[in-house]
Amino acid sequence: MVNLGINIGQLHFKNPVITASGTFGYGSEFADFFDVNRLGGIILKGTTLEPREGNPYPRMAETSSGMLNTVGLQNKGVDYFERNIYPLVSAFNTNVIVNVNGNCIEEYVELAKRINNLERISAIELNISCPNVKMGGMVFGTNPDSAREVTRAVRAVYNKSLIVKLSPNVTNIVDFAKIAEEEGADSVSLINTLLGMAIDIDTLKPSLSTVTGGLSGPAIKPVALRMVWQVAKAVRIPVIGIGGIMNADDAIEFILAGASAIQIGTASFIDPQASVKVLEGIERFLLNRGFSDISELIGYVNRK
Amino acid sequence: MAKIILNFQIIDNKQINKDFFILDLLADTSLPEIFPGQFVQVRIEDSPGTFLRRPFSVHDIDPSNNTIKLLIQIAGNGTRALSKMKKDSFLNIILPLGNSFSIPPKNEKALLVGGGCGIAPLMYLAKYLKSNSCEFEILMGFRNKDRIIEYEEYSKLAKVYLTTEDGSEGEKGFVTNHSILLKNRYNRIYCCGPDSMMKAVAEYSHINKIHCEVSLENLMACGIGVCLCCVVNTINGNVCSCTEGPVFNINNLKW
Chain V
380 MVNLGINIGQ LHFKNPVITA SGTFGYGSEF ADFFDVNRLG GIILKGTTLE
430 PREGNPYPRM AETSSGMLNT VGLQNKGVDY FERNIYPLVS AFNTNVIVNV
480 NGNCIEEYVE LAKRINNLER ISAIELNISC PNVKMGGMVF GTNPDSAREV
530 TRAVRAVYNK SLIVKLSPNV TNIVDFAKIA EEEGADSVSL INTLLGMAID
580 IDTLKPSLST VTGGLSGPAI KPVALRMVWQ VAKAVRIPVI GIGGIMNADD
630 AIEFILAGAS AIQIGTASFI DPQASVKVLE GIERFLLNRG FSDISELIGY
680 VNRK
Chain X
112 MAKIILNFQI IDNKQINKDF FILDLLADTS LPEIFPGQFV QVRIEDSPGT
162 FLRRPFSVHD IDPSNNTIKL LIQIAGNGTR ALSKMKKDSF LNIILPLGNS
212 FSIPPKNEKA LLVGGGCGIA PLMYLAKYLK SNSCEFEILM GFRNKDRIIE
262 YEEYSKLAKV YLTTEDGSEG EKGFVTNHSI LLKNRYNRIY CCGPDSMMKA
312 VAEYSHINKI HCEVSLENLM ACGIGVCLCC VVNTINGNVC SCTEGPVFNI
362 NNLKW
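These protein sequence lines map, in sequence, to chains V and X.
Using the numbering used here, the letters of the first sequence correspond one by one to residues 380 to 683.
Using the numbering used here, the letters of the second sequence correspond one by one to residues 112 to 366.
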């Protein structure tokens, strides 16, 4: 037996495998493919105070070893969430985390307050890194002052585990991780998508309706891994690694670089069972290599 | 209907012209129930640059033998790699996905309208309608004579009318120009083809107050309603064409 459990803030995860926001719906979409309760946690689709229609079609372009998206936080708003989605996700026997978004600090705060009242939501992931909305999102996550301000404001009203999701579209992501830590975040998750673009040479037009979008998939993995490694060395709070993880080997790299947990994102589009396969692969790796606890691997490359 | 991931053996990979081929696939276990209009997501392993699965409508199905057929147009690297796959190799497929075409009441007469690779889902629909003793005819449009595919196969199931844009076979023009639309009265139209064609057929149906369903082919990543990339603008806002569609009643679309 190996111990795969980890803690983020006061929150215990039975294993380090979490599904990334916007790639796993509300969990029930995957019920046909595996028992979602086996995962350490699931992070639900990005939620806002008011309903959002998202960006126009086309929202997706395949790229070399990855994809661009510009969904633009389409969701039905927190009222609908409380009424129709919360009762369903409450039945899961794993950590259920809401990804929180807003146009302005007041919206983030109001939404965090609402989620704070929902007993079965274990944590929020503060999304200050969505590249596909005009206001909010990455605007907060690429300016140190506003990143600090929004984290502080949400921390003041949210008393469960607070994870801040960081944007890679900055000069030095470590600065933002430190800000999150200083303002009382329990964890940082990184990276959100890298801002990118594609052009359709048949139509002579950009492939995405918003011209630019967020790049995800294995194409970004080396960049994500480097950033996780840098951040893990610089902060004491646990780091959640995200970015192009397709299999257990990828996940183990992130853990060795310093991630206490990892998120499976785009991989779930290609293989709906990707997350649970990663979990099985991590466990097998620990057993085969004679490790008894996942903590022995976390940040292994940073140890003297 | 539960979605499953199955491995299929390629029992035949037949090029039918320069641009089209048909994959005949045998499931390694019994097939789930699949309805006409539903689609599958195919993983393409050995194609550099093909990252996502590719969605294809079910062209034909033989539940007693656990086989399905996919009619595919070579449109890029992924479909080209599929066209070259050898007999007896395997494909990983998620199915069944999306909704399906409605089945008309017995007293109605239906018209199936397909253009180019849009004829793909109409074979299974035609067979399904025939087995349910529904009355229907088929109208297919192609660019020219050389691009016509599957004419004989569809002709075995119902009367087939043809248009070509250059008039090299059938009537000249687009499907909506075909004289049959002036002569015959249909109660229900099912359409799949290029956007411009579906919009023209939708407009014809709207003006003539005919129940019309179109099968959309939006770009998608997941096929299971979580990436939210394949959205179509409807009277109920943006909805995923992979879960709420691919078949839509035209009255629900904001075209």
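The reader is advised that the hints may include incorrect statements.
[Stated by the list, open to error] Mimicking EDC-like on lysine to aspartate or glutamate, the simulated pairs with C-alpha atoms at most 16 Å apart in a straight line are:
#  : chain 1 : residue 1 : chain 2 : residue 2
1  : X       : LYS114    : V       : GLU659
2  : X       : LYS195    : X       : ASP171
3  : X       : LYS365    : V       : GLU432
4  : X       : LYS270    : X       : GLU246
5  : X       : LYS241    : X       : ASP157
6  : X       : LYS114    : V       : GLU562
7  : V       : LYS539    : V       : ASP524
8  : X       : LYS267    : X       : GLU246
9  : V       : LYS393    : V       : GLU659
10 : V       : LYS539    : V       : GLU562
11 : X       : LYS129    : X       : GLU261
12 : X       : LYS114    : V       : ASP650
13 : X       : LYS114    : V       : GLU461
14 : X       : LYS220    : X       : ASP157
15 : X       : LYS267    : X       : ASP171
None of these hints come from the bench; they were simulated from the model.
Inset, instruction - Given the hint that LYS129/X pairs with GLU261/X, test it: the Cα-Cα distance must not exceed 16 Å. - result: 14 Å, holds
Legend entry - Proposed proximity, ASP171/X with LYS267/X (alpha carbon, max 16 Å): 14 Å, holds
Inset, instruction - Sort out whether ASP157/X lies within 16 Å of LYS241/X, counting only the CA atoms. - result: Violated: LYS241/X and ASP157/X sit about 38 Å apart, past 16 Å.
Inset, instruction - Assess, step by step, whether the Cα of LYS220/X is no farther than 16 Å from the Cα of ASP157/X, and give holds or violated. - result: 45 Å, violated
Legend entry - Pairwise hint evaluation, GLU562/V against LYS539/V, where the allowed Cα distance is 16 Å at most: Since the Cα atoms of LYS539/V and GLU562/V sit roughly 14 Å apart, the hinted pair holds (cutoff 16 Å).
Inset, instruction - Assess, step by step, whether the Cα of LYS365/X is no farther than 16 Å from the Cα of GLU432/V, and give holds or violated. - result: 14 Å, holds
Legend entry - 16 Å limit on alpha-carbon distance, applied to hinted pair LYS195/X and ASP171/X: 20 Å, violated
Legend entry - Distance restraint between LYS114/X and GLU659/V, which requires alpha-carbon spacing of 16 Å or less: 22 Å, violated
Legend entry - Restraint status (C-alpha distance of LYS114/X to GLU461/V at most 16 Å): 27 Å, violated
Legend entry - Distance restraint between LYS114/X and ASP650/V, which requires alpha-carbon spacing of 16 Å or less: Cα-Cα ~13 Å, so holds.
Legend entry - LYS267/X paired with GLU246/X [C-alpha distance capped at 16 Å]: Between LYS267/X and GLU246/X the Cα gap is close to 14 Å, so the pair holds against 16 Å.
Legend entry - Hinted pair LYS539/V and ASP524/V, Cα distance within 16 Å: Distance ~24 Å between LYS539/V and ASP524/V Cα, so the pair is violated.
Figure legend: structure checked against the earlier numbered hints; hints not met, in rising order: 1, 2, 5, 6, 7, 13 and 14.
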